[in-house]
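Chains as they are written, first to last, in numbering that gives the first Met the number 0: chain A, 0 to 190; chain B, 0 to 249; chain C, 0 to 551.
These aren't lab readings, by the way, just hints derived from the structure by calculation. Quantities reported herein were computed from a predicted structural model and do not represent experimental measurements. Just to be clear, a hint being listed does not mean it is correct.
Pairwise CB distance ranges (calculated) [said to hold, decoys possible]:
1. A:149 - C:23: 46 to 52 Å
2. C:41 - A:140: 54 to 60 Å
3. A:180 - C:23: 28 to 34 Å
The following residues of chain A were derived to be distant from chain C, with all beta-carbon distances above 12 Å [said to hold, decoys possible]:
4. 106
5. 112
6. 115
7. 117
8. 149
9. 190
Every residue gets a Cβ at the ideal spot worked out from N, C-alpha and C, and that includes glycine.
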Amino acid sequence: MADATVGHRGEADLSPLRFGTILFLASELLFFGGLFAAYFALRSETVPWPPAGVELATGLSAIGTALLLVSSFTFQAAVGRAERGDLRAMRRWVLASFLLGAAFLAIQAYDWNAIAFSVSTHAYGTIYFAMTGFHGLHVVAGLALMAVVVGRAAQGAYRDGSIDGLESVAYYWHFVDVVWIALFATIFLLR
Amino acid sequence: MRRRASLAAAPLLVFGATACSGAFGMPRGATEQGRDVFDLWQTFFVAAVAVAALVYGLIAWSLIRYRRRRSDDAEALGAPFRERRGLEAVYVAIPLVIVVALFTLSFRTGQRVDDLDPDPGVRVHVEAFAWGWRFSYPDLDLTVVSEPSGPGVDGPELVLPIDETARIELVSNDVIHAFWVPGFLFKRDAIPGVIQTFDVTPTEAGVFQGACSEFCGLNHAYMRFTVRVVPSTEFDAWASERAGASGAAA
Amino acid sequence: MSTTVDRPAAPPAPHGPHEEPRGVVSWITTTDHKRIGILYCVSAFAFFLVGGALAGAIRVELAEPGRQLVTEQTFNTLFTIHGTVMLFLFVGGFGNGLANYLVPLQVGAPDMAFPRLNALSYWFFAGGGVLILLSAVAAAGGGAAMGWYAYPPLSGSGFSPGVGPDLWILGMALVAASSLLSGINVITTAFLMRAPGMTMWRLPIFTWNAIVTAMLGLVAFPPAVAAFALLFIDRRFGGHVFDPQGGGDPVIYQHLFWFLGHPEVYILVLPFFGVITEVLPVFSRKAVFNYAGFVMATLAIGALSMGVWAHHMFTTGVVDNPFFSAMTLLIAVPTGIKFFNWIGTMWGGRIRFAVPMLFAIGFLLNFLIGGVTGVMLASAPIDYQVSDSYFLVAHFHYTLMGGSVFAIFAAIYFWFPKAFGTRLSEAIGRWVFALLFVGFNLTFWPQFVAGLRGMPRRIADYPSGLGFETPNLLSTVGAGVMSVGVLLFLVDVWTAFRRREPAGDDPWGGSSLEWATTSPPPHHNFVTLPPIRSERPAFDLHHPELDPGAGR
Ligand code: HEA
Ligand code: HEA
Ligand code: CUA
Ligand SMILES: [Cu+2]
């Protein structure tokens with residue numbers, strides 16, 4: 000991730016990496032925005048919604064939601080530790096976030112298996128699997144990034160206090176979290 | 000350099016030449032709705048020509064007047080003409096006024112074209128399919144269908160009485176098609192899952208070409224039909240002669 | 000202030016191009032923004048030749064009624080791939096290439112903010128391009144033949160079972176990813192990597208336009224990627240989002256697609272508005288007229304273009320036509336500001352008709368016709384008639400070919416000396432211009448006429464006796480004339496590399512920073528940077544007798 004040209008800084012002293020990450024996440028937001036738009040369009044046209052026979056495991060997903068939410072805080076704790084130079088604690092907190100994220104994924108996998116409809120049952124099934132699936136892929140990518148962070152920390156990165164990379168991963172992870180909360184609210188609560 | 004100026008003016012002249020006929024290339028619209036669109040088209044066209052004439056004129060003038068002359072010093076710079084707030088306001092305001100006016104006219108015409116008559120004279124159910132048309136008249140128990148289409152096949156004929164509002168219900172059950180009658184200045188997409196309703200009120204007798212205008216696969220090019228507009232007595236005669244004879248081609 | 004500013008960060012640059020690594024491998028592994036820019040532009044131009052060859056086949060087939068060359072199935076693949084290649088691989092790729100090459104130079108940076116990401120985005124682009132071409136040929140069960148916007152249900156597995164559409168979708172996704180990454184790079188570079196003194200309000204207009212283009216890409220591509228993803232799931236995993244039989248709705252795809260598709264057309268023109276705004280002042284020997292107006296107009300076009308997408312759906316009968324019509328018409332105002340600013344820029348100048356200037360003038364003349372016909376299409380009732388007819392085909396070729404592509408030629412003739420240190424020929428260039436200008440208008444003017452006479456687009460054949468024959472024949476002849484122009488241009492490039500006539504650092508009397516370094520620029524762009532005290536630093540450098548900032 001140390002792929003930034005060193006150059007002149009403009010008036011604002013925002014690091015290119017973090018700035019670029021924000022731009023990236025803005026576009027990610029619109030990707031999910033497209034999926035949400037499709038969801039709401041289908042929802043407004045289909046009676047009943049969700050179609051008859053759709054049973055959602057709302058309770059289980061709520062637990063997943065809680066895990067993911069907590070993982071955002073644990074990751075922010077990791078950033079806080081890194082800022083203070085305590086890299087050992089930082090790694091522990093990243094590990095905690097990793098495990099929480101993995102637990103979330105496990106719940107998702109269980110849900111996918113247990114659920115009574117499939118991607119090809121009806122349009123609802125397609126959009127359900129598409130939204131949770133693309134979100135799940137983002138969680139997987141987040142876990143991979145965490146592994147990278149831990150690996151780089153082991154190689155001595157972040158020691159000089161330049162933790163732009165870590166912070167960018169944090170932005171990403173919070174983003175994944177927020178998207179899930181919106182998804183959960185849309186699919187499970189609002190229905 | 001003169002040559003280049005006339006080059007600039009050439010498209011303008013073509014515009015002017017087409018303008019003489021008054022229709023500017025557009026069919027005049029053989030329905031009430033189409034006639035309305037035609038009038039709107041004339042207005043838009045005149046506005047476009049006016050804008051183009053002004054802009055081309057200014058471009059031609061700058062190119063001729065401010066070209067570098069042989070006598071000029073090769074290093075000479077242009078005049079320091081970089082900002083004129085008042086002028087800028089003018090060329091924001093004028094186009095704004097033009098587009099607001101155009102929008103207002105277009106909006107009104109749009110409303111009239113999209114308007115549905117509460118009591119249409121004849122109803123036609125049009126089904127577009129790959130690659131042909133099925134025209135049925137629910138009140139008359141009468142259906143006209145395409146033969147399999149292909150190069151040189153004319154397609155089925157939709158018969159409508161003159162001066163009566165025809166309510167068309169347009170559907171498709173496979174892919175998206177579009178029902179287009181250029182002489183009526185109208186088209187509408189046939190989208191699976193959507194029932195489209197619109198009115199046409201033919202005002203001229205005659206035969207009009209129709210075509211599918213939304214790409215729908217292999218034989219899209221051959222998905223044609225014709226519309227025959229006839230006096231209502233003739234329409235009634237045609238209808239009673241054909242009643243019940245569903246499925247036969249035109 | 001001293002006359003030069005030392006560069007604190009850049010490593011001591013090896014001077015001159017000759018010390019740079021050579022050979023194919025060095026190009027493949029490069030992360031230098033200039034080389035990546037050139038790779039983009041050269042690949043894009045190659046795609047232009049491919050897209051042009053496909054267009055040639057289309058024109059031969061349509062020269063007269065009856066079958067000339069290809070079957071219906073092949074014809075449908077021809078226009079699908081022609082449209083996709085020209086929009087996303089040629090004009091889009093070239094715009095990206097110019098932004099890559101020019102933005103770091105124009106802001107006075109040694110490279111892009113993320114050089115390796117930049118290389119990655121090029122390779123995504125190239126890979127996506129290859130997949131899109133493969134979707135035409137290497138596909139079992141027929142190539143992609145669903146039109147460049149791939150509407151379902153036609154593009155669904157039921158009606159297009161082959162792998163062609165799948166390859167097309169994957170290719171488009173890669174191109175979209177490439178566009179996102181390079182957009183992030185351009186914005187970050189322009190915001191955070193500017194040289195001291197290069198404030199936002201001194202950025203060259205090209206860079207401004209590149210920023211807005213990148214922003215449009217960031218906003219518009221992702222929903223389209225979502226649409227492509229859902230389409231892919233429908234096709235390959237039995238999904239039903241766009242399938243009316245399974246409770247889905249194909250119109251949702253249209254919304255998601257045009258939410259990209261419309262901004263895309265501005266993505267394909269804003270960089271070239273920028274090019275024109277660089278070329279006109281230089282050859283008028285003036286500063287840009289109404290700099291702030293240019294910036295505001297670009298921002299306004301960018302903002303408005305987010306709210307007009309459904310003007311491509313007037314004839315679906317399921318959208319709010321008046322709203323989208325009004326938003327669309329409004330875009331005429333900021334575009335008009337640009338036109339009048341361009342005229343103001345030439346006004347009072349000392350205009351030299353060098354080849355880049357000729358192409359810029361060609362752009363103005365052609366694009367205006369594309370613009371005013373766009374205004375006609377923006378009226379929903381008029382669109383009921385001209386939508387999906389050859390009138391529409393003519394409209395967008397006037398904006399894209401007559402506009403963007405003419406600006407691309409202007410850009411090539413303008414920056415070629417900078418990029419390669421050698422000049423293209425003025426004499427040949429004039430012929431290239433004349434052939435393209437005449438050929439272009441001969442090809443596409445008759446298409447307005449054919450469209451008004453009722454000729455639908457995307458037809459492999461047309462009946463005789465409806466007045467379509469003459470316009471189509473003229474159109475085919477015009478395409479032939481353009482082909483000669485394009486071939487002559489290739490000759491020009493070939494001879495320019497053989498002659499190697501040294502271009503000089505600033506052959507045209509340029510304004511922006513790229514004209515203040517060598518041709519080609521050294522590895523990290525500048526050995527020394529001139530002071531930047533106005534939006535024309537190179538001009539100030541070469542005209543010390545004029546007090547910089549005088550006109551402000
Ligand atoms: C570079 C590409 C480009 C550009 C810049 C534009 C610019 C515009 N386009 Fe175009 N358009 C396309 C490429 C482009 N278009 C393509 C590719 C399609 C078809 C896709 C497909 O179906 O395959 C399309 C289709 C298209 C449609 C859909 C038609 C249909 O499918 O039925 C419409 C409808 O509103 C439209 C309108 C406009 C308008 C109003 C502008 C405006 O931005 C133009 C503004 C410019 C001017 C007006 C000229 C300068 C202004 C002045 C001098 C000021 C004074 C002028 C007035 C007051 C009038 N375009
Ligand atoms: C930037 C965009 C762009 C550009 C530049 C062009 C350029 C051209 N286009 Fe294209 N066109 C589109 C974008 C573009 N087009 C789009 C989006 C569509 C809609 C597709 C769809 O419906 O899905 C379309 C559709 C389209 C059609 C309608 C097809 C149909 O609806 O059935 C036609 C018909 O004449 C056409 C013609 C041409 C011609 C003659 C050129 C000429 O200007 C081309 C000039 C270039 C050359 C003449 C190059 C010649 C090359 C050589 C001489 C070398 C060849 C050698 C090798 C390959 C080795 N185009
Ligand atoms: Cu049916 Cu095209
Ligand atoms: Cu558009």
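To see whether the hints hold, each was checked on the structure:
no., hint, in the structure
1, A:149 - C:23: 46 to 52 Å, "violated (38 Å)"
2, C:41 - A:140: 54 to 60 Å, "violated (33 Å)"
3, A:180 - C:23: 28 to 34 Å, "violated (50 Å)"
4, 106, "holds (22 Å)"
5, 112, "holds (16 Å)"
6, 115, "holds (16 Å)"
7, 117, "violated (8 Å)"
8, 149, "holds (22 Å)"
9, 190, "holds (16 Å)"
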